[in-house]
Amino acid sequence: MKVAGSHPRHRLDELIHSPVRFSVMATLASADQAEFGFVRDLVEVSDSVLSKQVALLEEAGYVTVRKGYVGKRPRTWLALTATGREAFHRHVAVLQEIAATAVPKGER
Amino acid sequence: MDEGMPASAALAEMDRVAQAVRHRSRWYGRFLLALGAGTVVYYAGIEAADRRLPAVIGLMLCWLGFVLALVLWAERQPVWARDLRPWRWPLFALYFATVSGTVALSATVWAGQPGRWVLGVIPAVPCAVGAWVVLRR
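In order, the protein sequences belong to chains A and B. Quick note: the first sequence uses the numbering used here, first residue 1, plus one each step. Quick note: the second sequence uses the numbering used here, first residue 1, plus one each step.
It should be emphasised that the hints constitute simulated quantities derived from the structure, not laboratory data. For every residue, glycine included, the Cβ atom is placed at its ideal position computed from N, Cα and C. Incorrect hints may have been included.
[What the hints assert, rightly or not] From chain A, some residues computed to sit far from chain B (all C-beta separations above 10 Å):
1. ARG11
2. GLU58
3. LYS67
[Unchecked claim] Partial pick of chain B residues on the chain A-facing surface, computed with a CB cut under 10 Å:
4. LEU11
5. ARG16
6. ALA18
7. GLN19
8. ALA20
9. SER25
10. GLU47
11. ASP50
12. GLU75
13. ARG82
14. ASP83
15. ARG85
16. ARG88
17. GLN113
Looking at chain A on its own, in the form it has when it is part of the complex (with noise of 0.2 Å):
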């Protein structure tokens, strides 16, 4: 059985196809930095949800985090590794790609 074919799917990043995941990568794709509480809010998961979709992408190097304090209290600061960055890119080319090939419903 053949597993690897031409279509664009197959060269979709795994990482970032998770709905949570593809969400933070596309927040953070927009911002230059975005806080960790917005990152949360903006996707609708919690707390412990982010973190641990997070530290997937900072394993792969996709995503930095970065703690630090505004006053007195402590903020988790997210921005996208230049690895990141291109790895989304490639991987909103190939949805791009996937989306423009897709028969309307309509046309069925």
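Given the coordinates of chain A, assemble chain B onto it according to the supplied hints.
Chain B only, in chain A's frame:
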């Protein structure tokens, strides 16, 4: 959770979050507006103080407090949109250059002249242009 989503849904989600980031980054426009307006007020205040040292010192302290408050407020903002990156340093450099130039002018060529506060409009221009760019996105 590890199931992917359809390409069109993913692209729509990308647009949604990009829009949210853009919207939450509008604070930078308000920051620039406040800085520009504060600059004009400060120049007007300095002229009104008419070289009375306590008044000038008081105004300078107020100005420092105002700038510090703006910076602290900026620090608290949760996101910086990436498309604003090309604007940040050039705007800061232009603001700093125009402030330096107008302070030099008001201390030399325009020293003691009425209407020196108008010079404060010059550094406010890059702020206003920056705010317009940020807020109209």
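Task: Hints breached by this structure - done: 10, 11 and 17
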